[in-house]
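The two chains are supplied separately, each in an independent frame; assemble them into the complex guided by the hints.
Sequences listed follow chains A and B, in order.
Numbering follows numbering that gives the first Met the number 0, in which position 88 of the first sequence is assigned residue number 87; successive positions increment by one, without gaps.
Numbering follows numbering that gives the first Met the number 0, in which position 21 of the second sequence is assigned residue number 20; successive positions increment by one, without gaps.
Think of the hints as simulated: they come from the structure by calculation, not from any bench.
One or more hints might be untrue.
Each computed DSS-like pair below joins lysine-lysine, with the alpha-carbon atoms no more than 30 angstroms apart [as the list claims (entries may be wrong)]: (1) A:Lys144 with B:Lys272; (2) A:Lys144 with B:Lys190; (3) B:Lys190 with B:Lys272; (4) A:Lys153 with B:Lys272.
A short list of chain B residues far from chain A (calculated; beta carbon distances all over 10 angstroms) [what the hints assert, rightly or not]: (5) Ala58; (6) Met70; (7) Arg193; (8) Asn261.
Glycine residues also receive a C-beta, built at the ideal position from the N, C-alpha and C atoms.
Residue-level listing of the chains:
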Amino acid sequence: MRPDDAAAFQEFVRSRWPRLVRTAYLMTGDYAEAEDVAQTALARAGASWRRIQASERPDAYVRRILVNCNNNRFRRKRPTLVFGDKPVDVPGPDPTHRVDQREALRDALLRLPPRQRAAVVLRYWEDLPEAEVALVMGCSVGTVKSQAARGLDKLRADPALSDVAPMDGAAGLPPSAGRQAQREKQHGRV
Amino acid sequence: MDASEHRSGGGTGTGTAAEAWLQAQLNAHADEFVVMPPDFARIDARHHGIRRRRAALVACAASVLTVSTMMAAVALTGGGGEAEVTTPPTLLVPTPSAETAPATPAPSTSAPATIPSTTEPPRPAPTGTGGTAPPSSGAPNPTGTAAPTGGTATTRAPARPGGGSGDPSTPGTSGTSTTSGGNGTAACTDKNVRISMSTTEDSSNHVLLTATNIGATSCTLYYHPQVVLGDRHPTPPMESPAKALATIAPGQKAYAGVRLWNDGDTPPEHPVKSFAVNLQGRVANTPAGHPIDVQVPREIIALDVGTNPLSTLWNTDVDAVNRYLYAR
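Only chain B is shown next, with the shape it has when bound in the complex (with noise of 0.2 angstroms):
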């Protein structure tokens, strides 16, 4: 053992004999052998790469929002037409724990008034963001992202991670959102948000994550629930890689699809009855928090969960989360 390693220790108390023969048996097999030195300049290489693929996206976010404002002022000056939106097949229910939700999107089976959010501002907004207010408010808008005529015109929040689409088939990454979204706030962590899980009877493969923001001040959930479900690694997003982040104010609510089994993958070997959520950081895999254990209902019993499950961006519409979830 090298004298400088460090050691954390004092964790398992080997508590049979069959654990202290496996905690001998590991060092003896992890210490026969020499470490060599680190290389230094190599590391020093590698993370300097990665700083510039960072510095590399953010100036990509920087030339999404130069065209988002080049398509709102097309928007302001009459270019904007109405946005299509598609009734969503199916709807999970939210779960019924719901409290006082004030400016969450209700759970309803028609399609959205408005085209999916991905961030909210974390105050109401008084000019209508969101092409919510109605087209008579006239009120000077200082974000400068909704349109005044009739709600439809559209931007993309600034500054997020890959920028928007515009595709109503992901979450998180269309629709009408202020410039203020998301930036700023804090990421939400397991101190401030409660998470709960609900299916439908529809599909034993879909289940809808709620993410309840329990705090005093409004929290950012980004990317995608990175959702461990028995021994299967954290779920990647679909298709996508993650991009988006949902902004919740107090008493607001998110939502995030979890995909549990593709056709072809083979049977479960023990059915999940609990399962962890980690939440990420603005920066994508890294944990905001600790993981938050979230229970099977009882009446669900437990969950079969596929070789890859999946899980959708965080959004704070839930149709549009249904309709990315069950498109797949």
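Only chain A is shown next, with the shape it has when bound in the complex (with noise of 0.2 angstroms):
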């Protein structure tokens, strides 16, 4: 690497790496691992630099190879996905409720099916609009909005955030328990 490149590799990693890690720790729960899929995603680019400098969107780019990262991390790793190490806290007071209620969001997303999590992810956290999560993750707008929907409805009809998560209208009605009655209608179950 030239070293201008080097210079500019340098400084998109260093403006990047704190995001990078915070969404890698949202898909992955555990933050040994957030940062080992971060960096494998940095040294990725840096392999290509040179052209993903060049490309419009270097960070649309980064983000996909972090979620393929992840996906081959998630591959890797099924049978023995386990919550490793908790994340630096913040010095400071910290109420135990916040802390259980941070676990318990961290629980409900792993339950989630991985490309259901990086759709929620990057929809919710990293705010990208439907049609940059679909260039992102590799699919269609369309498989987009219904992951991330059905990843919230999951999210909001977990026991475990029962207790903060909003509810559907005044009819006080479970979050996923409309969407979930349509689709079994759709498929003809009854």
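Laid out in structure tokens, this is it:
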């Protein structure tokens, strides 16, 4: 890598690193894994840096590598998915219920299928438009919509989050009840 | 939140209370810890390792080229034998939306006249490359790849990652290919390729993808299509690592098969009515253009997808794809 490219790559890594690690953490549920996935993604980006730098959307490119790295990790480690080290807490008061809530959300996220989790994280944490999520995940916009909606439904219906999740309408139906019934009707299940 | 962080922002607009709730939860959850600074030395070491492996791959391809040249020399001096071609057991019918495809192998139920070709020359070859020229053509062969005696000698395409094996069960790795195929041509993208799907009544487990070059120049389909079916991961290639390419001139077609499910897979929760096909660039697992959406035809209604769908490598010979696909 030429010195100019190396400097640009270092700057890119420095500016994107925290965000990538946080995104990876939401996808993996493990800080050490998140660092490893982010590092792998950036190493791959570094190997093709000139092409990525010249592309219109280097961030989308690197996010896509990150999602692929996470998919590969999931394939390798699916049977032994273990919730490992906790992230480093910010010093200061941290009410117990808040820690519980954080762990509940992390566990609920990990119960989502990987692609649903990726769609939820990219859509609602990265705050990306659906079209860009589709580009990053390599799927259609419709798939992003359905994956994100199902992920949201599952999180709201998760028992660990039911205390804090908002309910649907005045009837107070469980969040996913309406959508699930609609799907079952579509597939002819009774 | 670190001051130096990059925020893309502005995507969702949090339309519902539930979305706003989830966004707030995720923000709170992700921002609750301090991210350690990046380890530049380790990142550098890892990306240098990747580059070294790529260089080793290139060296490997060069050695394959050397072997191929020697084999061609042996064939030209009378060592070439008649190639064995087996009849495919069952064939899918390519999409009926075929328009002019002058040099595309005709989808027929008979055995192919030539050994399956991974690459086709971007322009009609004047010298019977691919072993299809009559023996009497007698024209000098600038590529040095086709045999003048009966068109049976074969060479492997050089500079192809991983090289060819000659095994007809590995589409894209066997047969008579030219040295020009795929080299120097750009990767096909959603801009210059249209993809359609078809199935056969004999099997609900196999789908044939047909890619048609609708652009003005030749392009290359690298490796295999990464197909995203519902909430499944992008399809990995069947068995062997991705190592093939298929170059198609304007109007020509290339094919890839998808195996939707395997014995023992759990029943799909949501049948798939459309899916996305991701083309790959020269470097494996790098995207070439945007995903291409493919609608399942109305008469098929939906596809049942197992837990681990797979796709074959791209190939310009539909018979080779079928033969490989239905053997699995």
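Hint check results:
As the CA atoms of Lys144 of chain A and Lys272 of chain B are separated by approximately 15 angstroms, the hinted pair is consistent with the 30 angstroms bound. Our distance criterion of 30 angstroms between C-alpha atoms is met by Lys144 of chain A and Lys190 of chain B, whose separation comes to about 24 angstroms. A threshold of 30 angstroms between alpha carbons decides the hint, and for Lys190 of chain B with Lys272 of chain B the separation of about 23 angstroms falls inside it, so the pair holds. Taking the CA atoms of Lys153 of chain A and Lys272 of chain B, the gap is about 22 angstroms. The hint holds against a cut of 30 angstroms.
Non-interface call for Ala58 of chain B relative to chain A: holds, since the shortest CB-CB distance, roughly 17 angstroms, exceeds 10 angstroms. The beta carbon of Met70 of chain B is kept farther than 10 angstroms from every beta carbon of chain A, the shortest such distance being approximately 33 angstroms. With 10 angstroms as the threshold on Cβ separation, the claim that Arg193 of chain B sits away from chain A holds: the shortest Cβ distance comes to roughly 16 angstroms. Residue-level check passed: Asn261 of chain B sits 15 angstroms from the nearest beta carbon of chain A, beyond 10 angstroms.
In summary, the structure agrees with every hint in the numbered list given earlier.
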